[in-house]
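Visitor: Chain order of the listed sequences is A and B. Numbering (UniProt numbering) for the first sequence: 1 to 239. Numbering (UniProt numbering) for the second sequence: 1 to 239.
FYI, nobody ran anything at the bench for these hints, they're computed from the structure. This one's a predicted model, so the numbers in the text were calculated from it and none came from an experiment. Yeah, the Cβ is synthetic: ideal placement off N, Cα and C, and Gly gets one too. All the pointers check out, no bait thrown in.
In silico DSS-like links for lysine-lysine, alpha-carbon gap of 27 Å or less: (1) B:Lys80 - B:Lys231; (2) A:Lys231 - B:Lys184; (3) B:Lys55 - B:Lys66; (4) A:Lys206 - A:Lys236; (5) B:Lys80 - A:Lys80; (6) A:Lys101 - B:Lys184; (7) B:Lys55 - B:Lys80; (8) B:Lys206 - A:Lys184; (9) B:Lys219 - A:Lys231; (10) A:Lys184 - B:Lys201; (11) A:Lys219 - A:Lys131; (12) B:Lys219 - B:Lys67; (13) B:Lys184 - A:Lys80; (14) B:Lys101 - A:Lys184; (15) A:Lys184 - A:Lys219; (16) B:Lys231 - A:Lys219; (17) A:Lys184 - B:Lys231; (18) B:Lys80 - A:Lys184; (19) A:Lys55 - A:Lys80; (20) A:Lys101 - B:Lys219.
Chain A residues, not near chain B, derived (Cβ > 12 Å throughout): (21) Lys44; (22) Phe61; (23) Lys66; (24) Lys67; (25) Cys68; (26) Glu69; (27) Leu76; (28) Asn196; (29) Glu203; (30) Arg205.
Per label pair, the in silico range of CB-to-CB distance: (31) B:Gln63 - A:Glu203: 41 to 47 Å; (32) B:Glu130 - A:Cys68: 53 to 59 Å; (33) A:Leu59 - B:Lys236: 31 to 37 Å; (34) A:Gly172 - B:Lys67: 43 to 49 Å.
There are 2 protein chains.
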Amino acid sequence: MLRSCTAALRTLQALRGRREGVSPAARDPVLARRWFSTEKVIPKDHALPNPSWSKDLRLLFDQFMKKCEDGSWERLPSYKSKYTQKSEDFKTYFLDSKLVKEQLSQAQLFTRGYEDGLGFEYVIFYNDDEKRTVCLFQGGPYLQGVPGFLHGGAIATMIDAAVGMCAAIPGGIVMTANLNINFKRPIPLCSVVVINSQLDKIEGRKLFLSCNVRSVDEKILYSEATGLFIKLDPEKSLI
Amino acid sequence: MLRSCTAALRTLQALRGRREGVSPAARDPVLARRWFSTEKVIPKDHALPNPSWSKDLRLLFDQFMKKCEDGSWERLPSYKSKYTQKSEDFKTYFLDSKLVKEQLSQAQLFTRGYEDGLGFEYVIFYNDDEKRTVCLFQGGPYLQGVPGFLHGGAIATMIDAAVGMCAAIPGGIVMTANLNINFKRPIPLCSVVVINSQLDKIEGRKLFLSCNVRSVDEKILYSEATGLFIKLDPEKSLI
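Based on the sequences and whatever the hints tell you, model everything.
Guide: Structure representation (structure tokens):
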């Protein structure tokens, strides 16, 4: 729902920074805080190959990296987003602030919370001219529904992430208002699928998007979805 | 999508077994295999309180357990579902069978793959007369979208699980065909929400359900959804 907002904004900031040739820390205030703090933690970009990636995922990744060479496509970096927001900010809507303080210190982005290969392995590429994204996704063994297949919630999660990114780059800070998903065929666990998202229309603060999930050879249509996203005012509170 | 099928069937078997007063292992062939194997692994029922449960979740749990006393409601047990299906069965649609064999050996139910308190903490209660379920859900820090709030995919996952269970108990083995979710307000991380699901209509193999996600005091409507599920023939392959 709201995943796309800050993560996408940070990705966008990083991307714009890269285009403008400035240093990663200068582009991104969160990065900067970490890079120049005493902790010296350099965030890992998870949208890059690791040993858990299958041959299919690596081949597709290489194909899209080639498409990036002429600037028509861009690979979007992806971080765990260990935000620095203070837990005191959340006190107003939590009853047990001590418990919440402990728990929020462990908070991490849902789609990047697993060890390599166990959960969501994905990379998103963006085409600015066509206002569309392609997400290459390999769902690991911790995302199981019935034996051997992905949980519908894991598919919905990846659709939300991919469509949300396609909305957030042109739209800025956005929030998912509606997701309508048709699950047509079950997706085998540990296989690779391609999620194509497209910005169809903007009406005021509303962004209308559509999406399909296909096999690598494009022959199998696993899912289709539409998404409605709303542009938010970054100065206003979310609740 | 497909999560509800086998898990729900096993839950249903266990539930029916309980009603009939037979032993847990005799009710459920998967349990039986494990209980009487040399491994001697007793599956843990995750739909019971653990130290990560907040006061809100414990209070609601106790309230519903009281409602169970007259038999109008039943608590549904929930397991990690470490299925015994052979990885050889998956060879036909996986390119790299060695990799898949390794990965499938780690497979676990998406909603039960986290340590206590970090991911999905939930329990589902079922009312057979009214054909509805109530799911009490506390989303942990690993389910974060924007800072302090649940990821939309995590909400979609829990809706799929709750609505799917409401479909699977009367419907047998079912598959999610459509989920249409309106996200109305963001859900604070580590808070407790109540997911009410209702079977509205059955037409042939189609089951139509609706669902809402509310705060514990029912004052805040976080999300609304509809779900369409299809009854499957257990003898037929899923792909």
